[in-house]
Amino acid sequence: MKAGHKFLIGAVVIVGAVSFLMFEGVRQTGVYFLTPTELQQKTTADTTFYDVGVKVGAKVVPGTIVRSADHRRIDFRISDGTTEYPVTYTGTVPDTFTDANDIEVVVEGRLQKDGVLHASDVLAKCGSRYESVPQQRA
Amino acid sequence: MTLLGTFALWATALVSLWGAVVAFSGQWQTRPELRTSLTHAVYASLGLLLTAAFCLWQVLAAHDFNVEYVSAYTSRNLPPYFLISAFWAGQKGSLLLWAVVLALFAALAQWLTAKRHADLLPWVAGITSATLLFFVLVMLVSANPFERMAFTPDDGRGLNPQLQHPAMIIHPPMLYLGYISATIPFAFAMAAMLTGRLDTGWIHAIRKWTLVSWLFLSIGITLGMWWAYVELGWGGYWGWDPVENASFLPWLTMTAFLHSVMIQEKRGMLKRWNLTLIVITFLLTIFGTFLTRSGVIASVHSFTQSPVGWWFLGFLFVAAVWSFTLLYTRWPELEPEAELESMVSRESAFLFNNLLLVGIAFSVLWGTLFPILSEAVQGTKITVGPPFFNKVNGPLGLLLLALTGIGPLIAWRKASPANIRRQFYVPGGVFAVTFLALFALGLRELAVVMCLSLAAFVFATVAQEFARGTRARMRMYHEGWGVALANLIARNRRRYGGYLVHVGILTYFVAFAGAAFRVDRQVSLRPGESAEVKSPYGWTYRFTHLGVSQYDALNRVVSAASVDVTRDGKSLGRLVSEKRQHVDAFKRPTFNPSTEVGLMTGLREDVYIVFESAVGSTDQANYRFTINPLVGWVWIAGCILTLGGLIAMWPGSGIGPKGAGLAPAAQGGYAASLAGAGREG
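Taken in order, these protein sequences are the chains called R and Y. Each step along the first sequence adds one to the number in our numbering, with nothing skipped, and position 38 is 38. So the mapping is simple: our numbering equals the position in the second sequence, first residue as 1, plus 1000.
Only part of the chain R face toward chain Y is listed, based on derived beta-carbon distances under 8 Å:
id: 1; residue: 6
id: 2; residue: 7
id: 3; residue: 11
id: 4; residue: 18
id: 5; residue: 25
id: 6; residue: 29
id: 7; residue: 32
id: 8; residue: 72
One-sided excerpt, in silico: chain R residues whose CB lies under 8 Å from chain Y:
id: 9; residue: 3
id: 10; residue: 10
id: 11; residue: 14
id: 12; residue: 21
id: 13; residue: 22
id: 14; residue: 26
id: 15; residue: 30
id: 16; residue: 31
id: 17; residue: 33
id: 18; residue: 55
id: 19; residue: 96
To be clear, the hints were calculated from the coordinates, so they are not data collected in a lab. Computed from a predicted structure; not experimentally measured. Just so you know, even glycine gets a beta-carbon here, dropped at the ideal spot from N, CA and C.
The following block holds chain Y by itself, in its conformation from the complex (with noise of 0.2 Å):
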């Protein structure tokens, strides 16, 4: 299997080689079959690729321990759904998905749109086989997963305890796959450079390639944050990490460019700006994978320091230079076709939105290379946390958020006063009922009463656009509500679509919001004796330590302590958290002791309970207590971001016969919205 695995991997190289070479030398342009060598050589890689893959697999489930990367992420006693996640554990196996993702993109591009950008496939086959060739390389020299040992362990050493969890299973694929998808737009945009077809036909491939790699992002990002919460323990889910950095950054240049691309479609304004964002977007794909796995930058989730690093770095400096030496060329011919015309228009709003978007982007970056720079500048190294991020991000996230609200509702190219009146009204006086109401409750923390208010004011403008399209429809057609609704969507899907995006991150934005109030307590408590929380809405919870209990699970050895919990007076169950020591077969100890934490997640707020250690061989525990509000609209925000997301994405015109004489407003498909906000934690 391994043998069969590593000829996969050569011959994938050799098959994106001849990919990369035909599709560059341009020779295709005349010699018609060596057009069809070039798609076949995109299929032939995916199915060489799914074979390696295949191979991976089939020696992580027969145990194989003579094979490094078996032996190093699995054990016999690891159960064996935990078998999938540690095909991408480590660096080896991650590569490899890497590669069969990619494969899987661009096998896709040359397929789904096969007719519609048929002069432009070839680039896009050349550019993909190049980029696949690149990571199938780095694979073989430096990170083959089929390597062997010269000896083979009885056991392997088991996969991390804190992987070992259901969202390790999605997470990484989830996110792999946006990361990866980054690859497809950059390859059109590139292809429609090289053609110097710079009309207005390759932005809409970019366009919904750059909604599925976003979409993806945004899943695979809410999904780590999930597994930072029940998983690290430390009762947050995001930390500016800088992994969750490299994984944010391109999501805001992507949501960047989903607005400002906008403009183009209307306006012809924009070119060189948005070609621009996009190509930072791959290229910042490639540095997060740098920056993961060089161990340039100290982060919890760091791989080990390898030469690994080193040859993204190297990737990374040939794609800038060739992208932007063909972004220079081009540029006399991405003159805009319109000026800006007011202020106060949607294009300017959108303008905002983009600047905004790579400001925090920039300030992001800033901060996880700060240690860096500041090492090269100065001679010391200075590092900023989390304090340094929220305190730049949160003022510009609350921007972003208003900006949110206020981009969907003003006109193009000149807003009336009567437009803004009529628009703004309402969202305007709930923005003012919010911000009082707040205020009267007693809340003092002008961010956290403008972050809600400005939440408030975003959700109202959102449902005067629901309600006025559904009420103009009814009117029209004498549709009951419900069908009008539906109807007003299916018919503008990504208009409404990206409404619904908007919720979801005004939402992220409310959940944000409730950190501000969370409550921590860490006591040491003897069995029967509690402890007592005031949670932020007058509650109070009551902890009564039961005890340490011990026993053996699977691949573990556990022990656990469990309280019971009361909120004023009355009982709301138990609570467990457990240390964990992981065991091999022979029930040797691998890894450090993990910890689990014990969870009750509730709309207005979760307790979360870490058992933290015990004191001594006694059943006395120290615990820490958390109350986090509002942690549970992370995970919804996901779900409403995630379906607006795939509404706006359909496939299809979205514009029926019925919907075409609608609303002005509903042609042309312009109004996506989909605009982003930035503060994550």
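Next comes chain R alone, as it looks inside the complex (with noise of 0.2 Å):
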């Protein structure tokens, strides 16, 4: 066999592993990118369709997050104008999160059979991280 032939097939086996590779990584790894409709829409559809990870992008419904005493526990509810679920988490929100108008946050967890999305995981994005406008001040 020619040394060309032996490397041929040496380089369908390395495609192979990173195909293999991929292919797995995002069927044990991929999570859903959904808005709360379409989250209402997959539940009502399949109504299996809880404790499955998901991550939902919405906004925070301003003046619903409710800290617990020491402040690790964070409960809140997010929408997207039509649907609006609540949330609870534990664990670190970061810099940005706050009650203000307009704050994006994705949230990762599961939604259970209560209705409440259990995140695993706040991500807050405030649409200028380092963009910002200049605020029209008199």
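Both chains are sitting in their own frames, so use the hints and assemble them into the complex.
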């Protein structure tokens, strides 16, 4: 067998391994990224769609943040304008997570049967992380 | 100043338009004065853009808040040295920086290689001018940093607190230097194809320039890790964020190129592959810019959504179509001059290394784009995060690490069994001993044990090379070992610099392995209370909360939480973590509060504390205590790699009269062996 052919076999093995790892990686770690409305549609269409890892991108409903006495647990509600979900989270929230208007968050977690999104991670994105619009002050 | 700046930008646009038109018209081939004018156009663009940069710094320094960019990124109370980084804190300024750096590289390419590549340079000038024209037009049409507003705020919004860090003064320029200089090898490759002079001359120019880009990019990425580690407060330094991935992708393809180019120099093989890698590297830099500036992918680093991104997509498309068409037309002339002779040869080791690097690049690209791809195909967005990247790149990275050791030792063409025995006897033994020792120490995680043992193996291969070379010199020239070692490196810079880079890479891997042992604990403490954390080395850290103090600093209100740290009862001192509320000169808050971590760095482990929040307005504080083993080695790895890279690219042939007769391996200078390794984080 020529070396070129042997190399080709090796190459096929590597390409195969990369593809396999990628396929398995997506299968095992892929997470749905949904809006609250899409999440609701999913659960209506498929009643077993609970306790599945999801990421939900939405805005914090202003004024709904409730912190427990030691500030460890945080309950709040998220909404995309049409659908609202309560969220409960124990852990650290980023500095950008506040009660102000228009705070976009990505909540990663699982929706339980009780209709509450149990979050394992909360990312807050303020639209102007690095870019900012000058505030019009008088 | 803004008028002058805008004028300089318009003038640059005209000058680079001239450069591009003259170059691509081909008229310079018969008219020497046009040829000179081309070179002058490149220099003029640099002069004009430097003027524009000077203007931007002037308005920043003058606190001219009527200028939109100045009021958006600075404030009266911003420490002066951060005015430097405010230059590239935003979209517009960073585009200007991009243009300046591109013009600088374009001018350097014309100036440094004026004689050697005289036949290619006019084309190179054309390609760099066209790219520059694109950047300047983007600025003029939709992101002019000199834009004024209809009103003048009394103070600016200030610089994002997370950018107020020394790393931010050098990290973006370094990354940009790496990113942008990738344009030069691309321009040379295109010029070679345009002229049809596909001999070995152009490959020399491209290799040198790629090494430069690669080195800057490596430094930039490492500085970015440092910034993320000390500023973002999540305890890690690499999160597979789209922006991080965007910088990692061209790094991977450049690393692949730096290896496969050796096969071309030595054996005349892989010409098509090498050109493709160069083109892809350039396209990836543009693609990365598109990703980070268009907002199509959510990222913590993203600039806001803006039309600028779509400009880049258009440019990417045009550049891709053009360069691949050119490659296609030259395809028949790029026949390989030799064939692979054996599977057990350096060629084949390098080929596998290339496949792995490109495979890793592909999987990283795939993972980054997966939300878009899955939405397009399935209608639902599916995201993949760090677990995906670690799962895929862990095994691939380890394979690559193994090849880092194997590649440089194995003979060209066909390795004989004797060659293999001679080269791998010692390193193979080191690998086995390390593996068993780690196992005996109680480490059971196969990935970690493999990573550390392979690192030891690679280290042994490099040490063996240095030892053999030094010994040979000591015998032949009767030099002492110090002199022999120094001469060895000085006379084979590419080869031994490359080996040092390998040592840097394996050091990164060792540091990444440490991440598996990270310990994290979150607690809420009242003053006087303490918490204990066990480190993976078996030590017990004890953190005693001392209290929270509040004070005003230049541009911020600070709440500082302090802890006393002891290890096994021995005091290590005090650590402070701050919550900062930045304010403008009128004490109005700007930005959301930010966090400063408290950090104690050591060779074995870092103690990393974060003051997460105060409980109400009491002195009780919520902390996160993290023990981060081996993180310090990431920065050491960066230094080793930089040193190796500098040695490898130092000008001159590196082969002196004495070295000429040294060892056959030293001739031909093929062995720069700049292998890379994949996994970051």
